[in-house]
Amino acid sequence: MTNNENRARELSKLKKAELIDRLLELESRDRRGEPSLLSLQNDVAGGKDREAVNRRLATIFETSVDAMIGTNPESIITDWNPAAETLYGYSAEEVVGKSISVIVPPELWKETRPKILKIADDEIPEPIEVVRRRKDGALIKILLTISPIKNARGEIVALSTINRDITEARVAQEALIRSEEILRAITDNSPSIIYLKDRDSNLLKVNKAYGELYGVAESEVIGQRGDNWLGEVLTRELLRQDQIVLTTGKPHDFEFEFVDSAGDTHYMHSVKFPVIDKNGQIYGTGGISTDITQYKLAERALAQSEARLNAIFDNAPIGLAVYDKDLHYVKVNPALAEINGLSVEDHVGRYLGDVIKSSLISTSEDAGRPVKDGSTSFVEVDVSGETKSSPGVRRHWIVSRFPIPAEDDSMGSIGAVVFEITDRKEAEEALRISEQRLRDIVETGTDWLWETDSDLRFTWVSNSERETLGQPEEFYIGRKMDELGPGEGESVGWDRQMEVLKNRVPFRDYPVRRKLSDGLQHHLLISGNSVFASDGAFKGYRGTGRDITTEIEAKEQSLRVEERFLRAIDSSAEGLVLFDSDERIVVANRTFLDTALVPGKWWRPGEKYEDVLRKIMEIGVSIEQYVGRPEDWVRDSLARFREGGEPYEFRHANGRWRRVHYERLQDGGAIARFQDITALKQREETLRKAQKMEAVGQLTGGVAHEFNNLLMVIVGNLEMSMASAPDDQTQKYLSTAMRGAMRGAKLTRQLLAFSRKQELNLEPVDLNGLVAGMREMLQRTLGETVSVETDLADSIWPIFVDAGQVEGALLNLSLNAFDAMPGGGRIVIRTSNRPLSAKAVEAHSAVDAGDFVTLEVTDDGDGIPPEVLDRVFEPFFTTKDVGEGTGLGLSMVHGFVEQSGGFVEIESKPDHGTKILINLPRADSSARTDIDNGPETNAMHSTGTTVLVVEDDPDVRDLVVLLLTELGCTIVEAEDGHAALRQLDAREDIELLFTDVVLPHGMSGPDVAREAVARRPDLKIVFTSGYPEQELGRFGPGDEKHRIIRKPYRKAELAEMLSDIMDQ
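Each residue of the sequence shown is one higher than the last, beginning at 853 in the working numbering.
By construction, these hints were calculated from the structure, which means they are not laboratory data.
Do not take every clue at face value.
Restricting the straight-line Cα-Cα distance to at most 20 Å, the calculated cross-link-like pairs of lysine-lysine (PhoX-like) are [unchecked claim]:
# : residue 1 : residue 2
1 : Lys987    : Lys950
2 : Lys1354   : Lys1391
3 : Lys1354   : Lys1332
4 : Lys1467   : Lys1453
5 : Lys1102   : Lys1148
6 : Lys1332   : Lys1277
Label-pair ranges, simulated between beta-carbon atoms [unchecked claim]:
#  : residue 1 : residue 2 : range
7  : Arg1511   : Asp1700   : 23 to 33 Å
8  : Thr1100   : Leu1056   : 46 to 56 Å
9  : Pro1451   : Leu1490   : 45 to 55 Å
10 : Gln1534   : Phe1106   : 55 to 65 Å
11 : Ala1645   : Pro1578   : 53 to 63 Å
12 : Arg1867   : Ala1645   : 55 to 65 Å
13 : Arg1511   : Arg1419   : 54 to 64 Å
Backbone N, C-alpha and C fix where the C-beta goes; we use that ideal spot for every residue, glycine too.
Just need the whole structure built from these sequences, with the hints factored in.
Here you go:
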């Protein structure tokens, strides 16, 4: 009987249910497909023979693919099946009776033993992963299941373990994990975007680069197609590319452009490919998109570079050519073609010798031969009649040829540069002649030459010396220099000069005064150079002398001129500082000293400019561009001073602008010109703001026009609905909607005021009365925390303005003041008469001097920082949080005031409140003082009038037709100007043309009107538009037969307009 059978018998002593549990546990871990022990359990339960059960268990033990090992509670091996022999390499005989530690690495035994001892009495432990050692010493990973076997008393009598080798599975699993980690690292660190989509183009997976490029998180894109971050157009194109891959089942590449959130354009190259499942079906697409922006830009740059090189090649004034290795022309520029007397095209492909005659061929080939050896040739060529461009003319060239390497670094072709140096050669010849001429002049010039021996005796003097000094040659020959004696007043200088001669050193420009034969005092300059023999022996002097009397007299005259010049500088209205070649101050004029930023004593003559700058630096640079950077200011100022060039402008901390222009002088000195350009800068800033307001005004004017068209449809239909409202509640709803629409109309008027295109309702206004009438309303609006006070001047002048705009401006400024005082405060509204001179309004170029009425609003709020103050009137500029302000309030005030011929001023400091002054021109005594609003009517007098309605917007056209029909008109419709003229020709009963100003297809409303009046002089015309009236006035025919009505208008307004024009 085998050990296993004995073990089976021992197990048979256990309780039947316990035995079945243990066997079921073992069977649940068997993967060979052995019969289930459930049937065995049923057999046992049915009273089968115990021996049969034992045999069955022994068979399972012997044939199990998993290693099964039994031990006693002391970890001594009692059972070892064949699978265990295969797994560990030990036979049963080698291990039975030994400790289980034979297969446990020693370093792991300490942690393994406690796990065995802690096996629960009443549970089957979960499998654990452990490391075991084979007989050959190899370590393997085991999935270990330990089961306790108990006797009838519940005592553990043995342990059953199943050992399954999972080494390869774990290696494969770890390899898979590493592979996935590597793949993820590759995708996440790839500069290209990588993504996976399903068949509906919904994103399944993206890498990090995808989110970085498109500015989205991975969690935001999964399940999305990309509309939100790619835009509709690009998304549609990418979906089309997906369909190409899904349809063809093949990879597909393409390029596209993408503009990121910063406005930068990215050029992308994308490769899409099908993703196929294990059944060979395409379940989605994958893609890799690479940002090729740099490549595209480089490609463009290369093209531009090539274009520049070609432009340089074609426009170079020197001859340029490229030959092949056999000296055939590949490319020439126009300059070389002109030199050779042939067209550019006639050179290409021709041999060098076919273009230049034989006498130059040998020279050219000699110049070309070293090029073939890899070196550069340089040869000067003297040509006489060999070129077709100038036969028979002697010419000179410098020809340089050099190798142009091919891709493999071999010589691919030859480059050539041909310099026409005929002019240079002629200049050299002219120089030679000039030098000869100079020698001749020296011999015969007024300067003379002399020579002495070692004893300083004259041995030779030139003819010019004798002629200049008036003494014969024998007067000098043999006499020593010291025998000539000093001139009048030269004793000290003469003695010093004699010491120089004794020391045998050169001297230069020694001044001598002599009374010559003409009886006049002459000024002479003598220079000499000591001469030594090759052995160092002193040989004497050779030198020159010249009469500088004329120069001295000219210098004295120059000093007198300079004195007058300095006086002129000092009286200049421009600040001037003159410097010498050592950068020292020569003079600073009075204008400069009066306006200098530092004490005038620093600009004394003789001071170095750098020293002055550093003194200024020590007391603190007060130039805005360099505050906190004094060394930079010194460096830049010196650089501009030394280089000269364009004027430099800077702003002083006190707000004054200066322009400095450093101009270098021929003598190495410089002159600095200083101008105060504050007034010029103010005019430039005024012009800039005006241009900016004009640009924004055009935009807002267009917006108001489009909005008026929308409001026309809304207001008209609301009015129709209100006329037929079935009940009071509906009437209430419609009235509320109408009020909202009219507020929209008011908004368009504000926009037009902002753009300075609003038709102002001008009328005489008593500003004091207007302010007094608004004070109580402002107090209620702003609440009890703010006190609204008024200070109204007596006998205030009248102003001719739009009172509604003045009220809006005052309300706007009061609300701004309220916002600046969150803790409460005081607002003071003042009026005053203010006569202003031309100087007082010089900063406001559009305003003339005269009488103004000032509306002043002052608060004691937080004030405005200096960096913000200059921008408060800019359109859309606001310091409030998002949603709390549009930035249009002060801009609208500014626009209305300037449209009214006035100007706005603002004064503010942080923590000292703000003062805003609206200055409006005093009303002319001849100004219109009454406003004729015309007759009021609600119905047309001319019932039955036939009206031709021209409107391209169908909604607006339908509404106008309905309104006119209800007013009793007969309507003829046209959608554009061409259709209108056809209707006019077809219908003689048309009495009135009712047309929009802006129409499509190249014919505007005014164009239609002019053509219609030309055909029907008695035709009456009504223009309608969302544009401001002053913009439309120039379009009308220019007589009493036309009117203009602005959108949106009410039915009553339309009736009044038609009644008025038809009654004319």
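A quick look at each hint next to the structure:
no.: 1; hint: Lys987 - Lys950; result: 14 Å, holds
no.: 2; hint: Lys1354 - Lys1391; result: 13 Å, holds
no.: 3; hint: Lys1354 - Lys1332; result: 12 Å, holds
no.: 4; hint: Lys1467 - Lys1453; result: 11 Å, holds
no.: 5; hint: Lys1102 - Lys1148; result: 27 Å, violated
no.: 6; hint: Lys1332 - Lys1277; result: 48 Å, violated
no.: 7; hint: Arg1511 - Asp1700: 23 to 33 Å; result: 28 Å, holds
no.: 8; hint: Thr1100 - Leu1056: 46 to 56 Å; result: 21 Å, violated
no.: 9; hint: Pro1451 - Leu1490: 45 to 55 Å; result: 21 Å, violated
no.: 10; hint: Gln1534 - Phe1106: 55 to 65 Å; result: 56 Å, holds
no.: 11; hint: Ala1645 - Pro1578: 53 to 63 Å; result: 57 Å, holds
no.: 12; hint: Arg1867 - Ala1645: 55 to 65 Å; result: 60 Å, holds
no.: 13; hint: Arg1511 - Arg1419: 54 to 64 Å; result: 25 Å, violated
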